[in-house]
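Both chains come to you apart, so use the hints to assemble them.
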Amino acid sequence: MDNMIITGMLAAVMPLLGFLIIQAFTKKHHMLSAYVSIAMIAASFTMAVLILLGQLKTPGMHNYSLPWMHIGSVEMNIGFMINQLTSVMLVIVTFVSMLVQIYSIGYMHGDDGFSKFFSFISLFSFSMLGVVVSNNLMQIYIFWELVGLCSYLLIGFWYTKPEASDAAKKAFVVNRVGDFGFLLGIIFLSTKAGTFDFIAVEEYVKSGAIDPNYLTVIVLLLFCGALGKSAQFPMHVWLPDAMEGPTPVSALIHAATMVAAGVFMVARLFGIFVLSPGAMLVVAYIGGFTAIFAASIALTQDDIKRVLAYSTVSQLGYMVMALGVGGYTAGMFHLTTHAFFKALLFLGAGSVIHGVHTNNIWDMGGLHKKMPVTSVTFLIAALAISGIFPLAGFWSKDEILVATREAGMPLLYYTALITAFMTAFYMFRLYIVTFLGKEKGEASRRAHESPLNMTVPLMILALMSVVAGFAGVPGQENSIYNWLYHGEHPHETHFNMPVAITSTVVAVTGILLAFAVYFFNWIKAENLKKASGPLYALSKNKFYIDEIYLFLIKRCFFTIAEAVKWFDKQVVDGVVNMAAFVMRWSGRALRNTMTGRVQDYALVIFGGAVAAIVAFAIYNPAALQLLGGR
Amino acid sequence: MQQFLASMLSQIPILTIIYIMPLIAVILLFLIPGKNQKAIRIVSLVFSSISFVLSILLFFAYDWNAGGFQFVERFDWIPSIGVNYFMAVTGTNVVLVLLTGIIITAGVLASWSLDTRPKEFFILLLLLVTGVFGVFMAYNLFLFFLFYEIAVIPMYLLIGIWGTGPKEYSAMKLTLYLMAGSALIISGILGLFFGSGLSTFDFDRLLTVNYDITFQKIFFPILFTGFGILAALWPFHTWSPDGHASAPTAVSMLHAGVLMKLGAYGCLFVAVWLLPEGAKFWAPTIAVLTLVNIIYGAIGAVAQKDLKYIVAYSSVSHMGIVLLGITAGNSVAYSGAVLQMFSHGVMTGLFFALVGMTYGRTHTRYIYDMGGLAKRMPALAAFFVLTGLCSLGLPALSGFVAEITVFIGAFRTYPVLTVIAIAGIIITAFYVLRMIQIVFFGKLDEHYKDLTDANPVEFTALAILMFFIVAVGVWPFLMMKVIHSSVLPIAARMGGM
Chain E
1 MDNMIITGML AAVMPLLGFL IIQAFTKKHH MLSAYVSIAM IAASFTMAVL ILLGQLKTPG
61 MHNYSLPWMH IGSVEMNIGF MINQLTSVML VIVTFVSMLV QIYSIGYMHG DDGFSKFFSF
121 ISLFSFSMLG VVVSNNLMQI YIFWELVGLC SYLLIGFWYT KPEASDAAKK AFVVNRVGDF
181 GFLLGIIFLS TKAGTFDFIA VEEYVKSGAI DPNYLTVIVL LLFCGALGKS AQFPMHVWLP
241 DAMEGPTPVS ALIHAATMVA AGVFMVARLF GIFVLSPGAM LVVAYIGGFT AIFAASIALT
301 QDDIKRVLAY STVSQLGYMV MALGVGGYTA GMFHLTTHAF FKALLFLGAG SVIHGVHTNN
361 IWDMGGLHKK MPVTSVTFLI AALAISGIFP LAGFWSKDEI LVATREAGMP LLYYTALITA
421 FMTAFYMFRL YIVTFLGKEK GEASRRAHES PLNMTVPLMI LALMSVVAGF AGVPGQENSI
481 YNWLYHGEHP HETHFNMPVA ITSTVVAVTG ILLAFAVYFF NWIKAENLKK ASGPLYALSK
541 NKFYIDEIYL FLIKRCFFTI AEAVKWFDKQ VVDGVVNMAA FVMRWSGRAL RNTMTGRVQD
601 YALVIFGGAV AAIVAFAIYN PAALQLLGGR
Chain U
631 MQQFLASMLS QIPILTIIYI MPLIAVILLF LIPGKNQKAI RIVSLVFSSI SFVLSILLFF
691 AYDWNAGGFQ FVERFDWIPS IGVNYFMAVT GTNVVLVLLT GIIITAGVLA SWSLDTRPKE
751 FFILLLLLVT GVFGVFMAYN LFLFFLFYEI AVIPMYLLIG IWGTGPKEYS AMKLTLYLMA
811 GSALIISGIL GLFFGSGLST FDFDRLLTVN YDITFQKIFF PILFTGFGIL AALWPFHTWS
871 PDGHASAPTA VSMLHAGVLM KLGAYGCLFV AVWLLPEGAK FWAPTIAVLT LVNIIYGAIG
931 AVAQKDLKYI VAYSSVSHMG IVLLGITAGN SVAYSGAVLQ MFSHGVMTGL FFALVGMTYG
991 RTHTRYIYDM GGLAKRMPAL AAFFVLTGLC SLGLPALSGF VAEITVFIGA FRTYPVLTVI
1051 AIAGIIITAF YVLRMIQIVF FGKLDEHYKD LTDANPVEFT ALAILMFFIV AVGVWPFLMM
1111 KVIHSSVLPI AARMGGM
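Chains as they are written, first to last, in the numbering used here: chain E, 1 to 630; chain U, 631 to 1127.
Worth double-checking, as some hints may not be accurate.
Claimed, not checked - Residues of chain U placed beyond 10 Å of chain E at every Cβ, according to the derived structure:
1. Ile657
2. Phe690
3. Trp707
4. Glu750
5. Ser829
6. Ile1034
7. Gly1125
What the hints assert, rightly or not - Quick list of simulated restraints, FRET-style, between CB atoms:
8. Ile199(E) x Leu1108(U): 44 to 52 Å
9. Asp936(U) x Glu163(E): 22 to 30 Å
10. Leu52(E) x Val702(U): 54 to 62 Å
11. Ala611(E) x Pro643(U): 45 to 53 Å
12. Ala563(E) x Asp936(U): 13 to 21 Å
13. Val839(U) x Glu203(E): 44 to 52 Å
14. Leu1108(U) x Val13(E): 30 to 38 Å
15. Glu1076(U) x Gly574(E): 52 to 60 Å
16. Pro1045(U) x Pro212(E): 16 to 24 Å
17. Ala563(E) x His1077(U): 52 to 60 Å
18. Ile523(E) x Glu1076(U): 48 to 56 Å
19. Ala813(U) x Pro212(E): 52 to 60 Å
20. Leu552(E) x Val1100(U): 30 to 38 Å
21. Glu1076(U) x Ile199(E): 54 to 62 Å
Hints are computed from structural coordinates only; laboratory data are not their basis. We treat Cβ as the ideally placed atom computed from N, Cα and C, and that holds for glycine.
If we strip away everything but chain U, and leave its shape as in the complex, we get (with noise of 0.2 Å):
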């Protein structure tokens, strides 16, 4: 079957047709009138669902017996200055792209009875999924970084328009740390490229160049830094909690879901793959950072009583697994790393779907406003539940596939931090259960007798979210594969297995 597809899918260009789609969307959306918003609405889902289908089959098209860059399409656009058309996958490549439309899917779903200005927010939302699909499939640093700003500028829109509670000052804070971040990348990709003395911008040719030590001692941190700002690295996470309050529910969604990941992306495929000396030298400094992300992320949600900012807080905690993953330097890890990055994806935009579901039926965040709910929205509470119960690890789900991989692999390097991160997975248990308890369990309260349960274009929403969850938990074997085979040439560069 992968055979077929492959075959199939490589008589198109299939990369530029999966990004391509939401950005045609955006052009039809500009089109209809506002007030329509019932073809809004489907233009959106129609177009990103297309790019769903295609991710799926992406997914299954990829050989993991091979590895390596497939798909490619490669034109020369700007030669003088190395700036190409330089699109590929490799197999963290199409589990990220799979997420991306995912998340989408979900995302534009979740946002179905949205009436403010929803012209505007889908052409946005459609717009950043444009720039998240390209920066995962872009291999010439140059587009990589045109893609990314495409993803990270529309936020501060969404944010500050369609968002609630302090959000200017929430939407400000998100988007100057991302620019902030964006400087560092861009400082250290051109780095990269005056370093190289190749004058191209391309990121197989850049592969083959060893770069000096001092360089890589000083450029890692540079762009690791400048990516890991995007995905929460401790401490310079405190954008998130507040961004992800503020934001709409499928912002939260997209954000959480796949923004967090193109940082811990970039900081594996961009810094640790091209520089692997200054990896190897700042590793163990960065891996205690993400065991304070960790630890700290998670006794941080224990104290919460937002739903959002518990559920902040614990991408915070999860993301340190993803990058104490990244810096443990072995393939074991690196996967386990990868596969976190899609659960979590997965994981997280349940969640914040299922908090502004919950917001639009009680009004409130506040945890101890909250109780009993589960009598009257058994659905949602049993997706709440699922996702908790992924959340704080557990077996058949795919948040333990991922966590358990990443912990084998990083105990390899770093066993007494490991031992630490592990700790991690206690109180992990302990806050999720505790906001499933308070907001779900025990007596009704008087006046949330009326609440509905989820109607169906939520149940689809969480549905397809959740299949995904349980899918990899169960059945992880394939997934791995793809993953493992893209991040062996890494580990091998790093001299770990």
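With the rest of the complex left out, here is chain E (with noise of 0.2 Å):
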């Protein structure tokens, strides 16, 4: 056990820590518990920091586990694995979730739950960080469902309203069916592997011993897992409505580390992934099909916070794309870019929100006069996740580009650029028509800029979302891409010009397109629906993929269960009730012979001896002899 381990797991411990504290005993005072989950967070950060320097100066792998559950030969055991990637992770989480906690003094401020919104968070943060030092299948199953347990409790956090309620129940349930696949998977694979051990499972797959066949329903099953949390089709459908928790939740949660886990998991199953071509090419299908069916559905929208979970979930298609084709550091890059500028846009929104009390962005409009913080950081996220040069999101995703065109997937490529020029579309439509031109009713008049507990964490995210991306310029020598990496080489990276001109083309299209129709007038937004026909109304209401969802449920899963009740009720209960019946029937016909009469009775034993004889008479004649027979 050396430093870097130790290190490791005070940062994961800290905010459980937090956490219990608050439960035991500073739930009355809001601001102390406030404090104490942020003091905690703030100590895990510092952590984290300490630990991706050290990665930084001497790139290695780190291992240690604890035993858990040994039942004889299967072992369980709670573990800690620091390398690159998991370093990247537990500075990603730390901070977004020290910023947002911050954030949320301000934002949460007056509400009845405070300490345990403040709990929760923290109890969130140590189930992410268990997730992100995981060092075997079963301890990343165990945080991974704690996680979403977090995300069940903070999408309910005012379950008093019924959406809210509903969308947290949903959340779980959609995440179990993913879980499903990842359980199952977790079970074929380790059964045979002997462990759940990343490290060992690892080797054992590369050594072959396992059929390929089987290995891609394995890999395709632990997928599923990813399916879920990453909120990737047909399994999207729970992260738009888990926008109905606080707004700091959905940017922590639901936009920069949790969803991004099923990314994470691949990543770190990378070394298995791998080695089932079949696998990696539906994840990176499924993953380009998700980014510009969410693109689609987020230009649409009129929920400002919608666009932007769908928005996310059409990111993390991008990153699952990328992981896909094998760009396994454009994947973890963009998800760390990601992780910045989507936290910063879900946080303006919860400014915006904070300051008009709606979510529809039709009565919002020319807030950048009354909140210019919000709408200037807002700017940078929304340039930034358009890819625009010089910002984060450029970097990231022209590399995911790149990893498409050089794969050989030019459908996958083309898909990529579409779901850009969509992107760039839908935030500038969002930018627009809630910042910019006149004030719309009530709402907009009423505004205000957040205080600056709320607007400081805006910039500092603004400020990353600027810088991270130089984090993985192509070329240099120190860039992500010589130090995260998967297998034996650095992947070469070389900084690819037509693609980078495409991509910029295309995004600046997308933004000008934007304004000519929700700034200028030069095209009517009318004209834009009526051209477009049925697929608007698609893609407003998101395909009806929640309608055939509840159809499924309501109509077939529903008359199965009544079925069942039925079943139960007549037909096994029946019988035992006829058992009884029986019993009771035959007991009241018997009691007709017992009816006290000598004679009867008499009868009855000759009758019985008659019987006795033609029996014995039949089956043995020699008995009769016994009778005096002959």
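If you want it as structure tokens, here you go:
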């Protein structure tokens, strides 16, 4: 157990301590709870930075396990694995969590559940760090479920709102479907390999001891977990609804960290994933499809948080696609930059909602003057996610485009380009309608800039959204590509000028189109709607996926449940009651034979004797001799 | 610490003391006038707590490195027919004795405010518990059956007198069903007795007998079904929802919490251990039935609208996991099955306690008549949510640890069945969260605005139960070692490790 492990352990455990302290002692003192929580996450963040610095200096693998449950040869441990990947994730999680918590002091001010909120956020941070430091399949599943629990608790934070409690339940159940696959994958794989340990399992798979087809099944099952957690098609349905939770939660859990856990998991198990080319292909195409599919929904949504939610789904699709085509570093790099600018977008949206008390973008407008800090930081994030040079999104998105091209998948490349176009368009649609133009209605007149504890985190994240990309400028000596990579050799990166130019043109076109439609009104939005025909309705109604699922649940599942109930009541219990009835009936019937008259009994005895003799006569004639027969 | 405790406890007949405590309470209760309700409750609580504390000590005193029968008490009783006083515990027994201690103590606390004939109620309840403790310690089959009947019979009166709804029907159905089970068990036990030719009921001596394979094939299903009825094996499960729904709170707790485990325990420790060849022959068939338990129970719970029925069907589903583990024939699955007995026992005790407390306040168990209750009773809601999460197998709570172990073990024997069984976790999540949402979330109904949260006694009962769920969920290491030591010999006899 070296220093790096101890630091990692402390980093992970601090927020748990925060949760316990708040739950046990400080629940009644709101501000104290917030300070405890923030102090703990700040401590975690400090240690995460130490770990990152250590890893930057000497990259390497540190691994340590504690026994958790041993059942004969089945050994489950709680372990700590620190390498480059871990250190990046540790910093992202603790950093965003810390900023979000500072922001929440302002945002959640005056809420009855203020302390509860901070304790849940602490519990979440702990669980997420547990996922990040996992060194084995069982542990990652355990913490995987715990982050799901925190997500459930925080989506349903305002549980008296029916939409919130519905959304919480939906998130949990949909994730359960994914986790079912994930758990099967874990059981399949660990039963074969005889261990849960990442390194040992990877070595086992590399040795070729698993049939390739079976391996593909296993990898796809494992990927099911990512489908659920990272909201990939067709399990994306929970994430937009999850926006019912408080906005800081959306920023932290449903944009920056937890939903990235699926991507992280694929990256963590990349050594296993790459051994199944078939499964990788599925991963890539599901990612690509999700990217364009969710972006096309984001084009028409009216709720500021839902636009961002679909945007998140789309960007996660980007990352998954990157991993699927083998772009390990590109995917993780995009995860990093996305964490900053998407958290910023959500916190900005939260600041807007805090100011105008509505989520509908058409009730906003002209907020730039009233909320300059929010507006400027939001603009930076929008430019970053659109992939405009030299902001963070430009570098990471380009790397994904390059990865798809180099993998020789033109379909995915063009899908990604179209997605980039849509992304630029809907982000600027959102920005223009919200912040520019004229004030619309009471809501935007009331608006005011948020307090400093909310705007400072915005500024810090804006700074990160600008500079984070420089870590991945291709071709330089100390770029992320020469440090965080999978396999033997660092992925060779060159600045691909044609791709960079194409993507920039695409993004700028998207932005200009948004201005043309929503700012200058050169093109009427109505006409655009008419021109797109049924596509508009499909996008607006999210391709009716929710309706299909609801139909399946209501019509099919509930019918089966009712049928089972009927069967249990009528058939299984029917037999039981029938048995009882037969008993009672036969009792009543046989009672008639007990007449109390000697003659009747004598008759029965005589009949019985005759019957016995006949029976003997048929089956064993010799026995008749005993009765004096021949 | 283990050695020190073991040397302390082996000075005294610890097992006898544990089970005799409730019996002493019963005798004392006879002497206390029925009007003095306070004294009745306190006597019941004190004596069940003594058993509880001793059972905790027993758990820590058990040496899992050595395994096998420990704290043996053995005297001749009626040697001519091989009936001896033979009490001992293995790892599984100490865990189940601990479970019984937890449930009875929490059950007495949960019945604190019961005011119809508390004297008779507690007498019957404690008598029942004496039987349960006895079953989990007796290693002479005659004695075992004696305790078994003591545990089963008071149930009839408890439900018939203190129950709600169609209580006579439920009590009659339950008792007749369990009597049918007993009839099968006694014939099975007599079969073992005569088949061995040793003229003894002592378990360790019967273990040395290699019964003829045809004999095993005939007697295994007799014993397994007999015990299986009590463990709600499909399709012999319908006594359970009706029985639970009609029973008063503490009786539901004991019934689902420990009585159903008597059945599962008998299946594993009597049927499988003594008749391994029969088990090998019948296991695949029974495994299919247990799968029906798991999935059918869960789907059945979805359609229910009464809290107790939901919990009862969920018990059917969870007991299916126990039984699946028992049919899987390896030590991992067995360990999981036993841990699931413990986990489900505590969890379902908690569930029924909570349902009882909620019912005591709202006077309805129909879920659509409730809503938003978390606003008025946050502590009860928090307990309910945690229990629900345990039920749906959330890690860090005991249910997950137990279920995952069963699944990992069972997957080795029945891969396809296990995959389907695991799908049950989705359905469980669905109905548990739905129930929680309907009852506790959403808008509070106007006429519930004066509801009160858990009082200190209720809170204590719930906290005791919750402690074990969390403790085992977070750190299952010790309990798993203790359990695993005891199922290894069974797995060895089954030829799988």
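Here is what the structure says about each hint:
| no. | hint | in the structure |
| --- | --- | --- |
| 1 | Ile657 | holds, 37 Å |
| 2 | Phe690 | holds, 18 Å |
| 3 | Trp707 | holds, 36 Å |
| 4 | Glu750 | holds, 28 Å |
| 5 | Ser829 | holds, 34 Å |
| 6 | Ile1034 | violated, 8 Å |
| 7 | Gly1125 | holds, 15 Å |
| 8 | Ile199(E) x Leu1108(U): 44 to 52 Å | violated, 27 Å |
| 9 | Asp936(U) x Glu163(E): 22 to 30 Å | holds, 27 Å |
| 10 | Leu52(E) x Val702(U): 54 to 62 Å | holds, 59 Å |
| 11 | Ala611(E) x Pro643(U): 45 to 53 Å | violated, 59 Å |
| 12 | Ala563(E) x Asp936(U): 13 to 21 Å | holds, 19 Å |
| 13 | Val839(U) x Glu203(E): 44 to 52 Å | holds, 47 Å |
| 14 | Leu1108(U) x Val13(E): 30 to 38 Å | violated, 21 Å |
| 15 | Glu1076(U) x Gly574(E): 52 to 60 Å | violated, 41 Å |
| 16 | Pro1045(U) x Pro212(E): 16 to 24 Å | holds, 19 Å |
| 17 | Ala563(E) x His1077(U): 52 to 60 Å | violated, 35 Å |
| 18 | Ile523(E) x Glu1076(U): 48 to 56 Å | holds, 52 Å |
| 19 | Ala813(U) x Pro212(E): 52 to 60 Å | holds, 55 Å |
| 20 | Leu552(E) x Val1100(U): 30 to 38 Å | holds, 36 Å |
| 21 | Glu1076(U) x Ile199(E): 54 to 62 Å | holds, 60 Å |
Of the hints listed earlier, those the structure fails to meet are numbers 6, 8, 11, 14, 15 and 17, in rising order.
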